[in-house]
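Peer 1: Residue-level listing of the chains:
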Amino acid sequence: KAGVTQTPRYLIKTRGQQVTLSCSPISGHRSVSWYQQTPGQGLQFLFEYFSETQRNKGNFPGRFSGRQFSNSRSEMNVSTLELGDSALYLCASSRLAGANTGELFFGEGSRLTVL
Amino acid sequence: EDKVVQSPLSLVVHEGDTVTLNCSYEVTNFRSLLWYKQEKKAPTFLFMLTSSGIEKKSGRLSSILDKKELFSILNITATQTGDSAIYLCAVQEGNYGGSQGNLIFGKGTKLSVKP
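One line per chain: the protein sequences are P and G, in this order. In this text, residue positions in the first sequence follow the numbering used here: the first is 53, and each later residue adds one. In this text, residue positions in the second sequence follow the numbering used here: the first is 58, and each later residue adds one.
Be aware that one or more of the hints could be misleading.
In silico lysine-lysine, PhoX-like type, Cα no more than 25 Å apart, as pairs [what the hints assert, rightly or not]: (1) G:LYS171 / P:LYS109; (2) G:LYS124 / G:LYS113; (3) P:LYS109 / G:LYS113; (4) P:LYS109 / G:LYS60; (5) G:LYS113 / P:LYS65; (6) G:LYS60 / G:LYS167; (7) G:LYS124 / G:LYS164; (8) G:LYS167 / G:LYS97; (9) P:LYS65 / G:LYS98.
Hints in this document: simulated from the structure, not taken from any laboratory. Please read these numbers as outputs of a predicted model, since none were measured by experiment.
Just need the whole structure built from these sequences, with the hints factored in.
Peer 2: Given below as structure tokens:
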């Protein structure tokens, strides 16, 4: 079956612009999480969505936002881009069947460069 | 502050060697500990550990968790060049009930296996 699909794979923006990234989870998966990966900080949790509701949020400023649609696809948006937002943004999906699955399936990521 | 620390940060070995990767953690609301392998972009799931002292094994890889001492190890025996990757340790924290919680990642161990 198809894996987690993220678009676009690469993009370049300038400071002050905004960007929207998209994530389509594995069919049947209802939980989508977003992570930011940088060389200095590693992988950091942004937020998690389940059934169109944000369930958890990491320690990122309000410029980072997201949403989930009824088909479980998710988008994240970063407004007023800063140089430090340059990173690989990873989306992960899970089935969330039962109390605790833990196994997240990651997409290939969207590489954002802010100039 | 919750944290996950991996050691060593990088490691160079020769094919056939056995390696042990370490992960220690301080997390308020521990749910599970996970290991991932990241070769190019998408981290791929290796193990999820929830109980102390129970070894998880998959081929040449094995892992065990010590919840008293708050650490886990990942062993790779008879290493191959294809094992070269970044190995990520993550602790899943948060309450149950319709949420994956928050994965707190370590910075990773970069393993290079020379022929």
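Peer 1: Are the Cα atoms of LYS60 of chain G and LYS167 of chain G separated by 25 Å or less?
Peer 2: holds, 19 Å
Peer 1: For the pair supplied as a hint, LYS171 of chain G and LYS109 of chain P, is the alpha-carbon distance within the 25 Å limit?
Peer 2: violated, 40 Å
Peer 1: For a C-alpha distance cap of 25 Å, please report whether LYS167 of chain G and LYS97 of chain G respect it.
Peer 2: Satisfied, since the Cα-Cα distance of roughly 12 Å is no more than 25 Å.
Peer 1: Do the alpha carbons of LYS65 of chain P and LYS98 of chain G lie within 25 Å of each other, as the hint requires?
Peer 2: holds, 21 Å
Peer 1: Take a quick look at whether LYS124 of chain G and LYS164 of chain G sit within 25 Å of each other, Cα to Cα.
Peer 2: holds, 20 Å
Peer 1: LYS113 of chain G and LYS65 of chain P: Cα distance at most 25 Å?
Peer 2: Distance ~44 Å between LYS113 of chain G and LYS65 of chain P Cα, so the pair is violated.
Peer 1: Would you check the hint for LYS124 of chain G and LYS113 of chain G, treating anything up to 25 Å between C-alpha atoms as holding?
Peer 2: holds, 15 Å
Peer 1: LYS109 of chain P and LYS60 of chain G were given as a pair; does the straight-line alpha-carbon distance stay at or below 25 Å?
Peer 2: Roughly 17 Å between the alpha carbons, so the hint for LYS109 of chain P and LYS60 of chain G holds.
Peer 1: Is the straight-line distance between the alpha-carbon of LYS109 of chain P and that of LYS113 of chain G 25 Å or less?
Peer 2: violated, 30 Å
Hints 1, 3, 5 from the list above are not met by this structure, while the remaining hints are.
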